[in-house]
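Trainee: Could you put the whole structure together from the sequences, leaning on the hints where they help?
For the sequence shown, the working numbering gives the first residue as 1, with consecutive numbering after it.
Rather than coming from a laboratory, the hints here were simulated on the basis of the structure. Worth double-checking, as some hints may not be accurate.
[To be verified] No more than 25 Å apart at the CA atoms, straight line, and that leaves these computed lysine-lysine pairs for DSS-like: (1) 297 with 182; (2) 303 with 313; (3) 201 with 303; (4) 268 with 69; (5) 303 with 170; (6) 344 with 118; (7) 313 with 297; (8) 373 with 331; (9) 201 with 69; (10) 170 with 201; (11) 333 with 2; (12) 285 with 313; (13) 201 with 145.
[Stated by the list, open to error] Beta-carbon label-pair distances, calculated as ranges: (14) 132 with 320: 32 to 38 Å; (15) 124 with 54: 36 to 42 Å; (16) 101 with 252: 42 to 48 Å; (17) 100 with 370: 50 to 56 Å; (18) 302 with 281: 19 to 25 Å; (19) 316 with 63: 52 to 58 Å; (20) 237 with 370: 54 to 60 Å; (21) 302 with 277: 44 to 50 Å.
Please read these numbers as outputs of a predicted model, since none were measured by experiment. Don't be surprised by glycine CBs; every beta carbon is placed ideally from N, CA and C.
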Amino acid sequence: MKALVKPEGSFISYFSNLVKQYGGVNLAQGIPGFNPPSLLIEELEKLSAGNFHQYAPGVGNFELRNLLKKHFGLSDDNLLVVQGATEGLSLIYTYLLRKLNGNFSVLSFDPAYESYSKLPEIFGQRFIPFHFGDDGHVNFQELEKTVTNQNVKLIFVSSPGNPFGNVWSKNDIVALVNLANKLDFYLVFDAVYQDLYFYDKPYIPVDLLSDRLFIVSSFSKSLCITGWRVGYILHHDSHCTGLRAIHDYIGLCAPSLLQQALAGYLEKSNFAADFTADLREKVLKSFSLLSNTLLKKGFTIPKIDGGCFIWAKLPDGWTDGFNFAAELYTKRKVAVIPGEHFSKEKQNWIRLNIARPISEIEQACYEINDFIK
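Mentor: Okay, structure coming up:
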């Protein structure tokens, strides 16, 4: 294999594709290593011979929408089904870009998931990373100054986070929503990992939904179906017409057959309660094993309460996350993501996916332990 060089595009795609091409343990991309619910697959097989292979309604399969509306206590004008959370984030960004005439800055909390920083880069907007305090919380006085002085009109936040799996407290989320209403900026709350928490269930601010707040989520991680591309946006009814008009041209609809299968499964499974509970246990077990191995080898890991990843600072002597990731894959066939992909200031950090079977985590622990030695 040739020496690895930094890619032009996403580090996540780059390292994950190496595993897909040459083999190894994929701790790079957030791909769950577990099968979807068997009942969901049975539902899909049953429906595959039916008449569900043409375009779905642009707003989403009506049975699926009804289940989501009931689950969240919302109405028709508060919900849009989209092609995964990625389209949801991009759709909201495109909508607000037009609404605000492009004259604004975008902020997220460092380290930031790639879409939060790359969308502003694509559209020529300024991205501002904002750091958590040493206690893991946000200094809201400093945040208010930054929003005001830097003309911030859009903030992305995720809980549990990616790559740093922090879970925001309800008080901090309420304070952030109140600040959005006070300073007249928009808040996009990414709830993709809402079912993958370790201890306390995260607070998702559906009850605070306003014209300043959007909530984006999907079934990708919680049901281990990242390839299905079915997500949704919860939004204030004032955005209904504008979001749907743009979605018609850049997304159109999520896959019809898959939406129908999801509707049937969710109705029969109490919204996948048993499956997600079992998945949480598996992810926590993998987190405990891998984090303990890393800590013993000199890594530093902040407090993590959920999500699919370990966010870790490299041991003393390692200063370049890309070089570490490149050598680890070249020599040990374990793929991880350099921290610089999520933060310019985190050159000596890496992100590792923990939503993998325990056998893969054990193999990764062995390889990393031997590699560090």
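Trainee: Taking the hints in turn, state whether each one holds.
Mentor: For each hint, the structure was consulted:
no. : hint                     : verdict
1   : 297 with 182             : violated, 46 Å
2   : 303 with 313             : holds, 12 Å
3   : 201 with 303             : holds, 16 Å
4   : 268 with 69              : holds, 16 Å
5   : 303 with 170             : holds, 17 Å
6   : 344 with 118             : holds, 13 Å
7   : 313 with 297             : holds, 11 Å
8   : 373 with 331             : holds, 13 Å
9   : 201 with 69              : holds, 20 Å
10  : 170 with 201             : holds, 11 Å
11  : 333 with 2               : holds, 14 Å
12  : 285 with 313             : holds, 21 Å
13  : 201 with 145             : violated, 31 Å
14  : 132 with 320: 32 to 38 Å : violated, 23 Å
15  : 124 with 54: 36 to 42 Å  : holds, 37 Å
16  : 101 with 252: 42 to 48 Å : violated, 26 Å
17  : 100 with 370: 50 to 56 Å : holds, 52 Å
18  : 302 with 281: 19 to 25 Å : holds, 23 Å
19  : 316 with 63: 52 to 58 Å  : holds, 55 Å
20  : 237 with 370: 54 to 60 Å : holds, 57 Å
21  : 302 with 277: 44 to 50 Å : violated, 26 Å
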